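Asks: Going by our numbering, the letters in the sequence shown line up with residues 396 to 581, in that order.
Honestly, I wouldn't trust all of these hints.
Calculated cross-link-like contacts (lysine-lysine; reagent style BS3-like; alpha-carbon spacing at most 27 Å) [to be verified]: (1) K499 with K509; (2) K495 with K507; (3) K416 with K436; (4) K495 with K509.
Calculated directly from the structure, the hints in this document are not laboratory data.
Note that the coordinates shown come from a computational prediction; the quantities given were computed from them, not determined experimentally.
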Amino acid sequence: NGTILNSFDAFSNYQNFHLDKRQLGTIVTTSLINFYGQEEKYHTITVRVHIRNYPAVAYMMAVVNVEQLDSANERYEQIIIIVMIIFWLISILASIYLSKWSRKPILESYEKQKMFVENASHELRTPLAVLQNRLESLFRKPNETILENSEHLASSLDEVRNMRILTTNLLNLARRDDGINPQWTD
Numbered sequence: 396n397g398t399i400l401n402s403f404d405a406f407s408n409y410q411n412f413h414l415d416k417r418q419l420g421t422i423v424t425t426s427l428i429n430f431y432g433q434e435e436k437y438h439t440i441t442v443r444v445h446i447r448n449y450p451a452v453a454y455m456m457a458v459v460n461v462e463q464l465d466s467a468n469e470r471y472e473q474i475i476i477i478v479m480i481i482f483w484l485i486s487i488l489a490s491i492y493l494s495k496w497s498r499k500p501i502l503e504s505y506e507k508q509k510m511f512v513e514n515a516s517h518e519l520r521t522p523l524a525v526l527q528n529r530l531e532s533l534f535r536k537p538n539e540t541i542l543e544n545s546e547h548l549a550s551s552l553d554e555v556r557n558m559r560i561l562t563t564n565l566l567n568l569a570r571r572d573d574g575i576n577p578q579w580t581d
């Protein structure tokens, strides 16, 4: 007839459960309001009982309060989400740090290359300007002989030698920065 034969105490919600023969053998989640006005969740399963074992009982319903499990699961989900966010932030910060750290040698190499180009262009401009002035002075005096201009020609040749040594030294310096062993030439 559906009456409850066994219940733990008067403050429990077990009197509010109703026998449903259509849900035999399946676990059902049910929510009920407890004595204090709070909602509680229960898992129930209804099974048929053999008459030989329990002649006064036809069905048995097992009821388990799962409210604590649900609240623990909610706390665990919150903790997992917070931990995931923290590790996500840590991974972002670590990737930013590692990207800056890995770019540092590239940026230093770029700055060295830029300084090298600036220094090389400055060092090459001065001898070229001197050489250009001396050669232009030769064109201003077209009637003079080579012997009369030998001083200008000799100094121009000295500047050409100096430029050759300078370019060789600059090239060796660039090779040394790249890790290549330089070869000195005269």
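Asks: Which of the stated hints cannot be reconciled with the structure, identified by number in ascending sequence?
Replies: Hint check: nothing fails, all pass.
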